[in-house]
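In order, the protein sequences belong to chains A and B.
Numbered per the numbering used here, the first sequence finishes at 405, counting up by one with no gaps.
Numbered per the numbering used here, the second sequence finishes at 405, counting up by one with no gaps.
Keep in mind that the hints are not guaranteed to be accurate.
All copies of an identical chain are treated as equivalent in the list; a pair is satisfied when it fits inside any one copy or across any two copies.
What the hints assert, rightly or not - Using 16 Å as the maximum straight-line C-alpha spacing, the simulated EDC-like pairs for lysine to aspartate or glutamate come out as follows: (1) 287 x 87; (2) 23 x 153; (3) 287 x 117; (4) 197 x 235; (5) 197 x 228; (6) 287 x 306; (7) 22 x 75; (8) 22 x 364; (9) 312 x 237; (10) 10 x 273; (11) 10 x 117; (12) 151 x 122; (13) 270 x 6; (14) 22 x 360; (15) 121 x 6; (16) 323 x 400; (17) 91 x 235; (18) 28 x 360; (19) 312 x 205; (20) 28 x 364; (21) 197 x 237; (22) 403 x 327.
To be clear, the hints were calculated from the coordinates, so they are not data collected in a lab.
In this text the structure is predicted, and so the values were computed from the model without any measurement.
There are 2 protein chains.
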Amino acid sequence: MYQVNENYLKLPGSYLFSNIGKKVRAYKNANPEKEVISLGIGDVTQPLVPAIIKALHSAVDEMAVAETFRGYAPDLGYEFLRNAIAENDYKQRGCQIAADEIFISDGAKCDSGNIQEIFAKDNTIAVCDPVYPVYVDTNVMAGRTGTYDAKTEQWSDVVYMPCTAANGFAPELPKGKIPDIIYLCFPNNPTGATITKAQLQEWVDFANKNGAVIIYDAAYEAYISEADVPHSIYECEGARTCAIELRSFSKNAGFTGVRLGFTVIPKELKRGETALHALWARRHGTKYNGAPYIVQRAGEAVYSPEGKVQLKEQVGYYMQNAKTIKDGLSAAGYTVFGGVNAPYIWLQTPDKMTSWEFFDFLLEKGNIVGTPGSGFGPSGEGYFRLTAFGTHENTLKAIERIKAL
Amino acid sequence: MYQVNENYLKLPGSYLFSNIGKKVRAYKNANPEKEVISLGIGDVTQPLVPAIIKALHSAVDEMAVAETFRGYAPDLGYEFLRNAIAENDYKQRGCQIAADEIFISDGAKCDSGNIQEIFAKDNTIAVCDPVYPVYVDTNVMAGRTGTYDAKTEQWSDVVYMPCTAANGFAPELPKGKIPDIIYLCFPNNPTGATITKAQLQEWVDFANKNGAVIIYDAAYEAYISEADVPHSIYECEGARTCAIELRSFSKNAGFTGVRLGFTVIPKELKRGETALHALWARRHGTKYNGAPYIVQRAGEAVYSPEGKVQLKEQVGYYMQNAKTIKDGLSAAGYTVFGGVNAPYIWLQTPDKMTSWEFFDFLLEKGNIVGTPGSGFGPSGEGYFRLTAFGTHENTLKAIERIKAL
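Throw the hints in and build the complete structure from the sequences for me.
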């Protein structure tokens, strides 16, 4: 008689954004006349830029003719895209990453959820608190996190690294139990914080010294506006022996509904004789069948001269929103973080409201949807995330509404 | 210090089609003047039909304009596609499957690899022998299969159900150890065999009686040409309490490079109070981010009146190849199976050659690539798979070459 994976049953509640969706739908159903503005889930609103649209149409046309039709893609992605990434995202930044160390996928959410699979079940993970829920939840499903304490909202076998205003939202090197797998995300989701290259170098050194692996989520690197903020962990010396990097096209190119991402695993990253590159290649080859050809061509267009110009403008559009939100909330007396090198603004809830209280307050009084900080972990309690991915008009309107509350 | 998932290291050799690819590349490099014809990996060759191309272009245009741009898709797929599937693939065949029991994905390979994740690690799987390698390999990676015996090429904790000419390539109900999870694929890859509705009903009854779950891979149902061959397991009474069905758009619509598939989990499929539907929904919501909008619109076009007509013709094109191969090989004295309700022809190797010997013989003497039967399991030894997915011209040429050997 079959049994289910009991680890799934340990997961408390359902996935954060599903919960928010349910609350918003319920509110809209009860108040159909209200215009609700979402600065919540982090989905983009601007259409794909012309260079990408052109590449998509062109690839679709290729699929219509036998001579240029493409069936199964190479397991790890098309050369044209891997070469463009290696050149633009790495070589031009002084990082030594070869095209065949890049694994094309259908997005960073899948990669960040699946990457834990190549590690031993009894490895210990460390995460920032607050954190993107996928890292922890997928480790729960794999049975790697021990037992859940509903009171502390923490798992017994996870090392939590609090990130609050007190430490500038930068995690401190673990002092007690040394974790095996360290998830880091900079620019950070949800706090919008960054760390300097020198700070990241400390993590690389720590990982190399202790035999840990860093899973570095750089999904928001396109939003970095300040110098001395690393765009890739491979800017740090020694990262090739301790770090996996995850990248997304969702936010730099608006691919949330197009689906494309990639993972970098340097060939020197080994435990004994076993290269993690080989394990991930085996996983890709066995459980995945490649990103669509037309989507990989769209990804290539991101690195074309026109694509770069158009996307710089698109990122600028969102960063203008970030400034609108940050300045507006500051003027209204809120304590606000992030929004300078990241599309996320992280604010302290007023009047000691909990994060969910503020969510309800903002939804009901301002008809604005944001994301409760506590949904990202206990240290997110008392914080709230707004995203810069709305339209200018809605963002301005939302800030006016918040000011008027 | 992190450790790797040791289960990955237990996998013998690398994935079948990767191995074939390596051999073919080596041969081509050494013999650049030879024209190699592939009837191997099962990739399609015909371009996407006009109705699908039109839908793709139209969806791309929507992505170019803010008003119609689509970001994150609903976790489980767009309603328009799920409704089209429920209506056409199920309701019109008399199967009771609701749209919200359908989970859209980027292909049946991912689904067939990931579905094991929602089951307990100590569950026992049963597979046909020979079998599509993904079912077993993904269970190996999950640590569910025990130890590998290189001599028998079998795993200690897997129930193998031999399918050979002796039993008409139809697996027999397990008599000894009762498996928990039973993988069935009809029309079968690699043998091209089918079973009748009455035979499939026996499996459904067996599963319900013994508390087993059937994972039914119906990726090739569009190739069924004879009556009394079930297109879906839900044609059988009681399947809603014991069966998950996997479907693909790769072979019925040529989506191998487009990537789209779906999984059906009826809501009555439960262990105790736990619905497998809820577990898979949680997995999708946590580790997956939906199939691309433009691809889901292409999937919808598969069910449009023009799409249906055009795809019937495309499937007919490949089935003409199947007939060419089957008739040609029979005339040449080969013993041949499949090819009537499936795009696969399964032949017995001549002169007691092993499957890999025949692979090398065919590659070197005929410059034709096929798939060694033993790559699908020990009972595939002495067999060889050819696919009908080539062009008419290449298929005819390949058969002439084989006849001349």
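Hint compliance check: list the failing hint numbers for this structure, sorted ascending.
1, 2, 6, 9, 12 and 19
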